[in-house]
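Undergrad: Single-letter residue listing:
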Amino acid sequence: MATLATQFKAALSRIEPKVDAENAAEAHKLVTAALKADDKLKKLGISTFIIGSYGRDVSIKRVKDVDVFMRLEKATDSLRPSEILDHVNDVLEDVFPGQVTRQHRSVMIEFPDFDLSVDVVIARPCVDHPTEHWQIPEKIEEDGRASWIETNPIKMSELTNKANDDFLLSTDGVYVPLVKLIRQIRRTWVDEQPGGYYFEVLAYHAFQDLEPDKNTVAEYLCVILREIADRLPDYVTDGPDDPTLDEHTITTKATKEQIEAAAERIAEAAQLAEDALEDKDICASALKWQELLGKTQQTKEPEFVFALPEACNADGTEKPRGALVKGAPAVPAGRDRYA
Amino acid sequence: MSMFSTDIDRWREDFPALGFTDDGERLHGPVLWAEPAMPDQPPTVFTARVEIVPGAAFPFAPPMVRLLDSGGPLEITFHINADNTLCLWEDDWSVDDAPWLDPRKLLDRIADWLQKTAAGWPGDDSCDLERYLDQEDDGPRMVLYNATRLVPDQAAQTEGGPEIICITDRARRTGNIVNGRRRNRKDRRLAWVADIGSAVRPIRSWDDLAASLGTHAADVNRLIKMRVITVILLRYTRGGADAALALRVHPGDTGIRIAACESADTSTPTRAMRAGSARTALANVPIAIVGCGAIGSFTAELLFRSGARVLTLIDAERLKPGNVVRHFADLQHVGWPKPHAVRDRLSAIDPDVTAVTVSHNRLTVLEEATALVLRHRIVVDATGSGRASSLLATAVTSLDAGSDGTVVSVCVQRDGDVLRVDRMPLRPGENHMSPLPTVEHTSQLRERGCGAPVSPTPPGAVVAAAELALRVVIDEVTAERKLPATVAEVRKPQDQPPFDVVGWITSDHPERAAS
Numbered sequence: 001m002a003t004l005a006t007q008f009k010a011a012l013s014r015i016e017p018k019v020d021a022e023n024a025a026e027a028h029k030l031v032t033a034a035l036k037a038d039d040k041l042k043k044l045g046i047s048t049f050i051i052g053s054y055g056r057d058v059s060i061k062r063v064k065d066v067d068v069f070m071r072l073e074k075a076t077d078s079l080r081p082s083e084i085l086d087h088v089n090d091v092l093e094d095v096f097p098g099q100v101t102r103q104h105r106s107v108m109i110e111f112p113d114f115d116l117s118v119d120v121v122i123a124r125p126c127v128d129h130p131t132e133h134w135q136i137p138e139k140i141e142e143d144g145r146a147s148w149i150e151t152n153p154i155k156m157s158e159l160t161n162k163a164n165d166d167f168l169l170s171t172d173g174v175y176v177p178l179v180k181l182i183r184q185i186r187r188t189w190v191d192e193q194p195g196g197y198y199f200e201v202l203a204y205h206a207f208q209d210l211e212p213d214k215n216t217v218a219e220y221l222c223v224i225l226r227e228i229a230d231r232l233p234d235y236v237t238d239g240p241d242d243p244t245l246d247e248h249t250i251t252t253k254a255t256k257e258q259i260e261a262a263a264e265r266i267a268e269a270a271q272l273a274e275d276a277l278e279d280k281d282i283c284a285s286a287l288k289w290q291e292l293l294g295k296t297q298q299t300k301e302p303e304f305v306f307a308l309p310e311a312c313n314a315d316g317t318e319k320p321r322g323a324l325v326k327g328a329p330a331v332p333a334g335r336d337r338y339a
Numbered sequence: 001m002s003m004f005s006t007d008i009d010r011w012r013e014d015f016p017a018l019g020f021t022d023d024g025e026r027l028h029g030p031v032l033w034a035e036p037a038m039p040d041q042p043p044t045v046f047t048a049r050v051e052i053v054p055g056a057a058f059p060f061a062p063p064m065v066r067l068l069d070s071g072g073p074l075e076i077t078f079h080i081n082a083d084n085t086l087c088l089w090e091d092d093w094s095v096d097d098a099p100w101l102d103p104r105k106l107l108d109r110i111a112d113w114l115q116k117t118a119a120g121w122p123g124d125d126s127c128d129l130e131r132y133l134d135q136e137d138d139g140p141r142m143v144l145y146n147a148t149r150l151v152p153d154q155a156a157q158t159e160g161g162p163e164i165i166c167i168t169d170r171a172r173r174t175g176n177i178v179n180g181r182r183r184n185r186k187d188r189r190l191a192w193v194a195d196i197g198s199a200v201r202p203i204r205s206w207d208d209l210a211a212s213l214g215t216h217a218a219d220v221n222r223l224i225k226m227r228v229i230t231v232i233l234l235r236y237t238r239g240g241a242d243a244a245l246a247l248r249v250h251p252g253d254t255g256i257r258i259a260a261c262e263s264a265d266t267s268t269p270t271r272a273m274r275a276g277s278a279r280t281a282l283a284n285v286p287i288a289i290v291g292c293g294a295i296g297s298f299t300a301e302l303l304f305r306s307g308a309r310v311l312t313l314i315d316a317e318r319l320k321p322g323n324v325v326r327h328f329a330d331l332q333h334v335g336w337p338k339p340h341a342v343r344d345r346l347s348a349i350d351p352d353v354t355a356v357t358v359s360h361n362r363l364t365v366l367e368e369a370t371a372l373v374l375r376h377r378i379v380v381d382a383t384g385s386g387r388a389s390s391l392l393a394t395a396v397t398s399l400d401a402g403s404d405g406t407v408v409s410v411c412v413q414r415d416g417d418v419l420r421v422d423r424m425p426l427r428p429g430e431n432h433m434s435p436l437p438t439v440e441h442t443s444q445l446r447e448r449g450c451g452a453p454v455s456p457t458p459p460g461a462v463v464a465a466a467e468l469a470l471r472v473v474i475d476e477v478t479a480e481r482k483l484p485a486t487v488a489e490v491r492k493p494q495d496q497p498p499f500d501v502v503g504w505i506t507s508d509h510p511e512r513a514a515s
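Chains as they are written, first to last, in the working numbering: chain Y, 1 to 339; chain S, 1 to 515.
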């Protein structure tokens, strides 16, 4: 068995967004400040919350967009989303001229210096369950009214934090690092759809169902990936349960064929991970982990996420030996010396 | 990344199978250990949890091991570092066979540590109470004391400082010291001396220290707060070994702060410990060294360091600046008679040089040589002079059979390529080795003006020759008598056998050279 803990730690560091995360925080701060300064939005009880993978700290390099959930806590069912989006567009355009785009159901602000954008999504308390979750416009009609869809992204953040507290490696949460690795594997092995959130939910269910307790990242990755691979074929017609809303499932733009293709690819990936773990030769194992995790994406110079140990050649063969040679005494005179 | 990262990667791979988690930095896992069994009862087994981190010094040093949970009742006392890492190996190891490279041996060692801690470290003689205290934060200090003159439960004056503090044997009465400006100026920077007997647990704070001072604690506390006492010297024993712990004490807002200083004993027995096994045999034997030049001065030094104390140093010359590179004395002694210079340097090794006599004279007549041999058990001839050497050789071989006077004649030849020591008189059946043929010296060094030519012999050869002479003297004085009449070392092969092979040759085996 080869678990290569040092290399996994380095791999996690390599997909960490780092600079993007700092830029995202700054961009979010600027947008929020602009929104909160507006009187009309103040009257509607504006409060913002970062959602999306960045908000849950499960994003991986690179972070291209940051989703801001703009809660209008005092909004009622008379709220016309079209009008509000127009207003938000105007407010932001004043502060970020030329950077703002009114989208179908959100407003996007581009930050070219940061090479990322912020998406502002408006939300009102759910008409039927105002204390439990929120609604965002699904489809906005020409008259400015909309049909609304229930959502609870804040709950997903809470569940993520709890899962990371529940599943530990040594003393630190292992759930978040594992979701990052699963997202990286999805990027490497699956075409465009299903997306990262879909796999995040699958990873969440895998953790909740299996309650794994492993000694290394490698072992966690094997069991979670295998569970996702086994479960994916079940979701060709209906997606997995939405952990944030009872009786809802996760929807995806993925077609039936795309889900079947993804299931096939993830099964291959799971097999590769198991082979890597079983391999006693650390270089042969490392090469398999490297293939599994692929290269960093959307970066200027893609690099392998999983670097081979120094003992290994690029083809997975072993270099002659480490610096420490067994049986080759470092002290020719042996022990019991004085100088 | 360390050049050993490969080895560390492989080393880590064994831990998950032993139940350890590995997050790429820290290894966390279980170690089973047993509490010492009570009579007629099976030992209780506990599972401790430890953290293992290969630090920057790994694998040359053991990994850092911290106890996360002992798993059972355990009072941690000894063998733990200030940063809470366990002190698992006192001895150092060569990296190629260091036991911590084997994870199972490492875990066994941790279990052993836990068991010994539970048992209170019976028989442990590690005198390392300094380990458990903060070190001085304003730079390293050393406290010196004479262990044979310490009187416990009283204060003594100190001298020196701030780097080196010497505890003197001048006691000060402290009962009558009261606060105020009229305090005697001698009652400053005093050291309190205490003997706490067997140390059963480390001292980590003033409270621990106060407990060990017993009835004197309150008084010492008062004197520290008045800044009368600034140093405490605790004598203690561990497993039969004697030790001392020197502490600097400072009154602070939150109580008295204590910090450990390095300390050392200045007493003669301690300073003589490293003299070697011939020390006792050499101590009272009268030894004369004729010629206190290059070889003679270093021979005197080595004899003195080895325990010889009754020395007679004879030389008629004064030390020149040009001598110093190849002489035991230094530039401060330029112009001094060489025997006086050597004696002065010996006093820097041990101030007691009362039995070292000096003679600033030349050996010129047989009577003097005979008298010298009669008065000394050994006469080292380090003259390199044909006249002086033959006087001594003649004197010693003319003595009565009952005399045990011995002349050890030492020299370097061929500009230091050959070292040679001849012992006289010969014992029955012995012969000296043949001499090396004389060669013509092509380049002769001379100082300005007239005088004897300067030998190009390097200092290393001089010291090596002195050491060879020392061995012959010790062989004679200890009556081991394993060395033959001539012992030589060829440092660079010469044309003439048996001097044509590098190594040792002796008069017993002139043909056999050590490789």
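Hints were generated in silico from the structure; no laboratory data involved.
Take the hints with a grain of salt, since some may be wrong.
To be verified - With a Cα cut of at most 30 Å, we get these calculated DSS-like pairs of lysine-lysine: (1) Y/K155 - Y/K40; (2) S/K320 - Y/K9; (3) Y/K280 - S/K105; (4) Y/K139 - Y/K18; (5) Y/K9 - Y/K42; (6) S/K482 - Y/K214; (7) Y/K43 - Y/K74; (8) Y/K319 - Y/K42; (9) Y/K214 - Y/K253; (10) Y/K18 - Y/K61; (11) Y/K319 - S/K105; (12) Y/K18 - Y/K29.
Computed from a prediction, not measured in an experiment: that's the story for all the values here.
Undergrad: Going back to the hint list, which numbers does this structure go against?
TA: 2, 4, 5, 6, 8 and 9
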